[in-house]
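Using UniProt numbering, the first residue of the sequence shown is number 1, and each one after it goes up by one.
Be aware that one or more of the hints could be misleading.
[Stated by the list, open to error] Below, a list of computed lysine-lysine pairs in the DSS-like style, where the Cα atoms sit at most 25 Å apart: (1) K194 - K120; (2) K364 - K327; (3) K129 - K364; (4) K287 - K120; (5) K103 - K287; (6) K120 - K236; (7) K129 - K314; (8) K332 - K264; (9) K236 - K87; (10) K194 - K236; (11) K194 - K287; (12) K173 - K120; (13) K177 - K129.
[Claimed, not checked] Just the calculated beta-carbon pair ranges, DEER-fashion: (14) D248 - A113: 37 to 43 Å; (15) D248 - P110: 34 to 40 Å; (16) S231 - T187: 16 to 22 Å; (17) K191 - P272: 25 to 31 Å.
What the hints contain is simulated information worked out from the structure, not anything from laboratory work. We put the beta carbon where it would ideally sit given N, CA and C, even for glycine.
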Amino acid sequence: MKKLTNLFISISFIGFIIGIGIFAGVTPAKETSYIENRSLAPPPSLEKGKFVNGGFMEDFESFFTDQFPLRDTWLKAYLNTQEALGKTFLLGYYVSEENWITKEPDHSFPADALTDGAEKVTSLHHALKEKGIELYYINTPHKVSNMQFLLPDYIERGSYDRVRHHFLTSLNKNIPKLDMVDLFNETFTHKEMKELFYKTDHHWNAQGAFHGYTWISEWLDSERDTFTLQSDRLNKDHFQKQCLPGKDFVGSYNRQLYLSVETKEKKCAYFPTNHSYEDFVVEANGKVVDYESVYGRAFHTNEKRVYYSTLYTKDLRELKITNPALKGQGEKALVIKDSYANALSFLLAEQFYETTYYDPRYNKDRALIDYIENHDFDLVILMYNDPASDGAIYEFGKPIEP
1 MKKLTNLFIS ISFIGFIIGI GIFAGVTPAK ETSYIENRSL APPPSLEKGK FVNGGFMEDF
61 ESFFTDQFPL RDTWLKAYLN TQEALGKTFL LGYYVSEENW ITKEPDHSFP ADALTDGAEK
121 VTSLHHALKE KGIELYYINT PHKVSNMQFL LPDYIERGSY DRVRHHFLTS LNKNIPKLDM
181 VDLFNETFTH KEMKELFYKT DHHWNAQGAF HGYTWISEWL DSERDTFTLQ SDRLNKDHFQ
241 KQCLPGKDFV GSYNRQLYLS VETKEKKCAY FPTNHSYEDF VVEANGKVVD YESVYGRAFH
301 TNEKRVYYST LYTKDLRELK ITNPALKGQG EKALVIKDSY ANALSFLLAE QFYETTYYDP
361 RYNKDRALID YIENHDFDLV ILMYNDPASD GAIYEFGKPI EP
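Please take these sequences and the hints and turn them into a complete structure.
Structure below.
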């Protein structure tokens, strides 16, 4: 009986392997993973050199791992099993009982890198000062930093406050600074904070971004004599909040968890009521385009799935918005940004004649200081979210990747 059992197990295992192989063989290889948002390994090359140096087996292993039949389904089932077993973190993420997703806390404190980043910002400040341009530093909020209360009490909190305070205090004291992480924490209760961020994404939502827009505008008005505040455009009556209740929101954190978290999100964006964004001249990566191709694309397509990047603006190398209504009175602003500014892009354009957004992550081949030298700006705003207070995004004097 034992021999029959062992034989059955062996045959079943071999049959499973053969079945997987046949399934993989007849299933076309996928080029990208929708859930992971990355390219997948292609079939291994049959070049002779690959067999000699062992490259074929390495490529085959990557190909088999990426193209494993029903891979996403298996991984999603694994995550559901881990959650059922009471695991606190799933692939580095915590999912609350209300299906809020946040990251496992980071306790690192890269003091030298933070100081180096602050010194580079200070150097940029001095270089701009020589050109008669003022630099402003804005620390936007971040879900991981502002919502650590989502974590269980027994989990040690991350070092985000320590990191941020070290960086800000290392900046030149003459650089105007706006710390919206503290501002959000001081202004909103935990319940109110939940209305300002997405449950399954790491960004703020339309309501959170609108608070940021009003605070930034009012702060600039208090800091800058030549800034003309368009106060009427800070009023929500100037905007209509449009939402997409019939579509599904795909959050960045949920994608990392293979869309295993089921939840409802508010999928909204603000549009002006007494004028149209069609009045703006929009240039994406140097080309004039219709605003619908850049901002709020989810409102102009039949695509069922909605992303942060389709509700607002996607990451671009360079985005310039000209507001003809402010010609002769508005200023020309350069905003050095990360993805948190994408929800602000058209809102802030209400306050300037020209608003140019420059993302260092997509400009690694050129130096920021050269870009500024070749353009005409009245002020420069450095706007990064809280955990991004170190790294190559503070390399302004030379290309990040020559």
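For each hint, the structure was consulted:
1. For the hint pairing K194 with K120, the CA-to-CA distance comes to about 35 Å; that exceeds 25 Å, so the pair is violated.
2. Between K364 and K327, the direct Cα distance comes to roughly 32 Å. Violation of the 25 Å bound is thereby established for this hinted pair.
3. Distance hint between K129 and K364 is fulfilled; the C-alpha atoms sit about 24 Å from each other, no more than 25 Å.
4. Pair hint K287 plus K120 does not hold up; C-alpha atoms about 31 Å apart against a cutoff of 25 Å.
5. At roughly 37 Å between alpha-carbon atoms, K103 and K287 are farther apart than 25 Å, so this suggested pair is violated.
6. For the hint pairing K120 with K236, the CA-to-CA distance comes to about 37 Å; that exceeds 25 Å, so the pair is violated.
7. Restraint check for K129 and K314: the C-alpha separation of about 31 Å exceeds 25 Å, so the hint is violated.
8. A hinted pair counts as satisfied when its Cα atoms are at most 25 Å apart, and K332 with K264 does not qualify at roughly 39 Å.
9. Pair hint K236 plus K87 does not hold up; C-alpha atoms about 43 Å apart against a cutoff of 25 Å.
10. For the proposed pair K194 and K236, the alpha carbon gap of about 20 Å is at most 25 Å, so the pair holds.
11. This hinted pair does not check out: K194 and K287 have alpha carbons roughly 38 Å apart, beyond 25 Å.
12. For the given pair, K173 sits about 14 Å from K120 by alpha-carbon distance, which is consistent with the 25 Å threshold.
13. For the proposed pair K177 and K129, the alpha carbon gap of about 16 Å is at most 25 Å, so the pair holds.
14. For the pair D248 and A113, the beta carbons lie near 38 Å from each other, so the given range of 37 to 43 Å is met.
15. With their beta carbons about 37 Å apart, D248 and P110 fall inside the hinted range of 34 to 40 Å.
16. Take S231 and T187: their Cβ atoms lie about 20 Å apart, and the range 16 to 22 Å holds.
17. Against the hinted window of 25 to 31 Å, the Cβ-Cβ separation of K191 and P272 comes to about 30 Å, which satisfies the hint.
Going down the numbered hints, you'll see the structure goes against 1, 2, 4, 5, 6, 7, 8, 9, 11, while the others check out.
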